[in-house]
Structure formats: structure tokens, C-alpha cells
Amino acid sequence: MNLPNPAELLPRMASDLQAHLKARAITEPRFVGIRTGGVWVAQALLEQLGESAPLGILDVSFYRDDFTQNGLHPQVRPSELPFEIEGQHLVLIDDVLMSGRTVRAALNELFDYGRPASVTLVCLLDLNARELPVRPDVVGATLSLEARERVKLLGPAPLTLERQDLASPA
Amino acid sequence: MPTDAKRPLQLNDQGQLRHFLSLDGLPRELLTEILDTADSFLEVGARAVKKVPLLRGKTVCNVFFENSTRTRTTFELAAQRLSADVITLNVSTSSTSKGETLFDTLRNLEAMAADMFVVRHADSGAAHFIAEHVCPDVAIINGGDGRHAHPTQGMLDMLTIRRHKGSFENLSVAIVGDILHSRVARSNMLALRTLGCPDIRVIGPKTLIPVGVEQYGVKVYTDLAEGLKGVDVIIMLRLQRERMQGGLLPSEGEFYKLYGLSTQRMALAKPDAIVMHPGPINRGVEIESAVADGAQSVILNQVTYGIAVRMAVLSMAMSGQAAQRQLNQEAEELN
Numbered sequence: 326m327n328l329p330n331p332a333e334l335l336p337r338m339a340s341d342l343q344a345h346l347k348a349r350a351i352t353e354p355r356f357v358g359i360r361t362g363g364v365w366v367a368q369a370l371l372e373q374l375g376e377s378a379p380l381g382i383l384d385v386s387f388y389r390d391d392f393t394q395n396g397l398h399p400q401v402r403p404s405e406l407p408f409e410i411e412g413q414h415l416v417l418i419d420d421v422l423m424s425g426r427t428v429r430a431a432l433n434e435l436f437d438y439g440r441p442a443s444v445t446l447v448c449l450l451d452l453n454a455r456e457l458p459v460r461p462d463v464v465g466a467t468l469s470l471e472a473r474e475r476v477k478l479l480g481p482a483p484l485t486l487e488r489q490d491l492a493s494p495a
Numbered sequence: 006m007p008t009d010a011k012r013p014l015q016l017n018d019q020g021q022l023r024h025f026l027s028l029d030g031l032p033r034e035l036l037t038e039i040l041d042t043a044d045s046f047l048e049v050g051a052r053a054v055k056k057v058p059l060l061r062g063k064t065v066c067n068v069f070f071e072n073s074t075r076t077r078t079t080f081e082l083a084a085q086r087l088s089a090d091v092i093t094l095n096v097s098t099s100s101t102s103k104g105e106t107l108f109d110t111l112r113n114l115e116a117m118a119a120d121m122f123v124v125r126h127a128d129s130g131a132a133h134f135i136a137e138h139v140c141p142d143v144a145i146i147n148g149g150d151g152r153h154a155h156p157t158q159g160m161l162d163m164l165t166i167r168r169h170k171g172s173f174e175n176l177s178v179a180i181v182g183d184i185l186h187s188r189v190a191r192s193n194m195l196a197l198r199t200l201g202c203p204d205i206r207v208i209g210p211k212t213l214i215p216v217g218v219e220q221y222g223v224k225v226y227t228d229l230a231e232g233l234k235g236v237d238v239i240i241m242l243r244l245q246r247e248r249m250q251g252g253l254l255p256s257e258g259e260f261y262k263l264y265g266l267s268t269q270r271m272a273l274a275k276p277d278a279i280v281m282h283p284g285p286i287n288r289g290v291e292i293e294s295a296v297a298d299g300a301q302s303v304i305l306n307q308v309t310y311g312i313a314v315r316m317a318v319l320s321m322a323m324s325g326q327a328a329q330r331q332l333n334q335e336a337e338e339l340n
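Protein sequence lines, in the order shown, are assigned to chains X and P. Residue 473 in this note's numbering sits at position 148 of the first sequence; the count goes up by one each step and never skips. Residue 196 in this note's numbering sits at position 191 of the second sequence; the count goes up by one each step and never skips.
In short, the hints are calculated from the structure, not lab data. Check each hint, because a few of them may be wrong.
Here are the computed distance ranges between Cβ atoms for each label pair [to be verified]: (1) X/T467 to P/N113: 29 to 35 Å; (2) X/R460 to P/Q334: 33 to 39 Å; (3) P/G171 to X/E471: 44 to 50 Å.
To list a few chain X residues with every Cβ distance to chain P over 12 Å, as calculated [claimed, not checked]: (4) L328; (5) P329; (6) E333; (7) A348; (8) T352; (9) P354; (10) G375; (11) G425; (12) D437; (13) V459; (14) T467; (15) S469; (16) R473; (17) L479; (18) A482.
Which bits of chain P does chain X cover? Going by a derived footprint, with three or more residues having C-beta under 8 Å, they are [to be verified]: (19) 38–45; (20) 56–67.
Computed from a prediction, not measured in an experiment: that's the story for all the values here. Beta carbons are placed, not taken as given, at the ideal position from N, Cα and C, and that holds for glycine.
Can you build the whole structure from these sequences, using the hints too?
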């Protein structure tokens, strides 16, 4: 199975997102990308939408549920949210949705900044491997991989997807 | 698991922090990682909810055999901001005064199932002793031991310097006052040298400068004016009044006259030099009020940075312990 080209997915994602926001009468959404891949997708999506709104950046390292197993990522950088969260309609953007744990961590972090009015989830890829009830509102493509396979987004420009096999040596 | 000479007690098999006892021997990369992680935690302190869930469900026990307010409070805040449960025991006023040994106190604390102890003790080496004897899953953080080390103070001083001066490569740093008794001075000298500071100066009366201090790669000055010339950073140390009785100095007044930092003397340093002090400050003894409260003073910033540094150290040590557990488990499965 070939991996899709992100550049081909983004126009439809932008149009789906516009339709989604319109249906919910959301006029001034705030965009937040999850570091690192989610930020790249968010930047590309904002470009598609012709939006110049400031982009919030979340680093969810301090909120991961696997800290006791995997420890702290050595290159944690602070989250940057250049707008209020309280009462705002947020569009949360990530590159690959797999277990749903990153999105859970992101939601926990966002709620520590305030109580948003709503959160719309946008993902470039859904790997159909959710372990939590987390489903994107807008998705570029859904793939089903073998258990040993992963997909990585390379960027920031151009955005490309790379298949990784956990069984093969690095 | 026994430690060997090549692997200091405070690092795990992968070179990650497991205990935090001293800056002696820690590699530059690890010190930089602590500073980078602390930088990220600074942002947490600016949020409406000043908490992250990293240490949720963990218990941090602050064991203070020696009085302290600032260090104890910032360790408490750091642990609370990581969502840990925190107990603080002022042992100096309880068990040990009733005759209990350090070893017995330790065993009792272990039985409370704490995951981490922050230890302050008047005896040099107490934190090392505890780390050697505690059960292997428990992390020990040195909150100051005798004249030996105060590694988190050292790292918060380094974070202060890095945030105000950018890097260490071209800096002149002066450490002024009671070098002899100061664990802060020792930790700072070690950290500055490891981080690549090319010009470290210690300034004080001969009686308060330890013999052989040059081994830390520092230049010794007994004349304050000479030592302050062109420096970027001035770290003033607390002159402990209790030590004035020991015959090392004639009087507080005399000390201030010769080694006190006044506005006039500040002019000898670079115009953008910063002034630091681990606190509590003795106004008019080691520093003039106008300097302590002046535009170049970063003394209160140090307190804020201290919380972030302690958050970084607590989380990194807990993470290093977890990694070691995982390694031990994998080794057992292989056997």
C-alpha cells in the first residue's frame, strides 16, 4: 500500500474543516498544533485556508501517560499559546493519530490553560489503532498498518510520509 | 546494583540522572539538559494552573536536618507543581534530637514508601551516605550538605547566568565572600568550569579562601577592586554571622569595608554586569541595599528559576530511576 502525499490531502482537509466550522457556527477559531509534526500540518493547513491567525504550539511531553515507563523527553520545549484558551473554539491539529494518547495529553494540557468552548480535532492520518475514544473531526486519510509498522511525517517543507518497520534494524 | 568507579553513584547505566548529589563529575551535556528542561518548566510557573502531572502518584519527602526556608519552600513548590504528594520533615527538631541515628531515621522514612528524598544536612557527605544505603528505587536529591555541595543552587545560578548572559563561553564571573564555608561557591565553581566559563574568580579575605582552591580552575583575589574589574557576573555569598565569632574576621563592619558590594564598587564591573546572591542577604554586611534592590540585581529572579531547576532535577531523577528499573527488569528476564 502506497502512502498518500500530504500535499494532495491538505486542500480537501481545509475544505472539510471550513464546512465543519460553518456547520457549528464557529467564526473565529484558534489554531493549535501539537509539536512537531502537528505544527507542520497546522502551518500548511493555515496556508490552504489563507489564514494568518497566530498558531499555538503545544509540547505535550509533561502530560504523557508513559513518563514512568519512558521518562522525560530530553528536548522538551515550552508550549506557546499566544491567545486565551478560556471560552475559545480551538482547532487542535496533529499529524498521525494512532493510540489517541497524545491527543488525550494535549487536551489535558489545554484545560490547564483554561476551559475552551469547544475543541475540533484535525489529523493528517488516522492509523485506525485507537486505544482511547478519540476520533478526528477532520482527517486526511485513514490507513491500517501491520502491528510492527509506523508512519512518520517528515517536514516542514515539503511534507512527506515515511513508512517505518519496527522489526528491521535502524 | 553495585556502582563502579567509572559510573558515579548518581547516574544510571545509561548515564541519566538517578540521584542528584553533587555537580562533581557530571558531564556538560547533562548540566545543559537540566538547564534546558528547567527553561521549559519556567513556562509552567506563568500559567493559570501552575501544575503538570509528571509526578502524579509519587511521594516526595523533604527531610531537612538543617534549617532552611527558601530551599525547603522551593523544593516543596517544585514537587507540588509536578503533582507529587509532598511531606516535609524538619528532623532537626524531632527524631535526631531524641537520639535517633541518621540510619534509623532513613529506615523509617523508607517505610513510608516515599519515591524520592530531598535531604539537607549540616554534615558533608550525608546525602551520599543516604543514597548508598537507601533502597535502590528511591531517588536522593541533595538540598545542601555541610560545606560540600548545594547542587540545585549551583544549577539555578547557572540558569540565571544563562538567561541573562546567553552562554558561558566568554564570561568573567566573580564569586565573592566566604568561599571557605560555602557549598554554594563549590557547586558554582564546578558548574562554571564544566559549562566552559573561561574566567572564574574567587574574591575574599585569605582566612575565608580554602587552601588549594585553584584546583577548581579559578583565580584568587584578596583585593575586591582588583577582582571585580571587567566581570560580567558577581555572585555575592552570605557571610554567616555565627562564623564571625570564630576569629576569621575582625568584624562585620570591617568585612563590609573591604569586601561589601557597594554602588561605587559595582562600577568596576562591566556596565551590564548582573549581581546574584543565594540569600538570605545581610544588607550592609556583604551587599549595599541600593545594589541588592538595583536594576542589575537578579536576586529575586534566582528564586523563581530555583523552582524550575528543582522541577527539572526531580523529574529527571525520577525518570532515571524508572529507566534503571526497566534495565534491571530486562537483565533479569535475560538471566
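So, going through the hints one by one against the coordinates:
Range check, X/T467 to P/N113: about 56 Å between beta-carbon atoms, so the 29 to 35 Å window is missed. Between X/R460 and P/Q334 the beta carbon distance is about 35 Å. The supplied range of 33 to 39 Å therefore holds. Taking the beta carbon of each, P/G171 and X/E471 are about 48 Å apart, inside 44 to 50 Å as hinted. Distance check for X/L328 against chain P: the nearest CB is about 32 Å away, which clears 12 Å, and the non-interface claim stands.
The Cβ of X/P329 sits about 34 Å from the closest Cβ of chain P, beyond the 12 Å cut-off, so the non-interface label holds. At roughly 36 Å from the closest C-beta of chain P, the C-beta of X/E333 stays outside 12 Å, upholding its exclusion from the interface. Chain P leaves X/A348 outside its interface by the beta-carbon criterion, the shortest separation being 31 Å against a cut-off of 12 Å. For X/T352, the requirement that its beta carbon stay farther than 12 Å from each beta carbon of chain P is met, with the minimum near 25 Å.
Residue placement check: X/P354 keeps its beta carbon more than 12 Å from all beta carbons of chain P (closest about 21 Å). For X/G375, the shortest C-beta to C-beta distance to chain P comes to about 31 Å, beyond the 12 Å cut-off, and the non-interface label holds. With a least beta-carbon separation of about 17 Å from chain P, X/G425 lies farther than 12 Å from that chain, consistent with its non-interface assignment. Not every CB of chain P lies more than 12 Å from the CB of X/D437, the least distance being 4 Å, so the non-interface label is violated.
For X/V459, the non-interface assignment is confirmed: its Cβ lies about 18 Å from the closest Cβ of chain P, beyond the 12 Å cut-off. No beta-carbon of chain P is positioned within 12 Å of the beta-carbon of X/T467; the least distance is around 30 Å. Against the 12 Å criterion, X/S469 stays outside the reach of chain P, whose nearest CB is about 30 Å from its own CB. With a least CB separation of 20 Å from chain P, X/R473 remains clear of the 12 Å interface cut-off, as annotated.
At roughly 24 Å, the least C-beta separation between X/L479 and chain P is larger than 12 Å, which holds for a residue marked as non-interface. No beta-carbon of chain P is positioned within 12 Å of the beta-carbon of X/A482; the least distance is around 26 Å. Counting residues of the stretch 38–45 of chain P whose C-beta lies closer than 8 Å to any C-beta of chain X gives 5; at least three are required, and the coverage claim holds. Check result for the stretch 56–67 of chain P against chain X: holds, 4 residues qualifying (beta carbon to beta carbon below 8 Å, three or more required).
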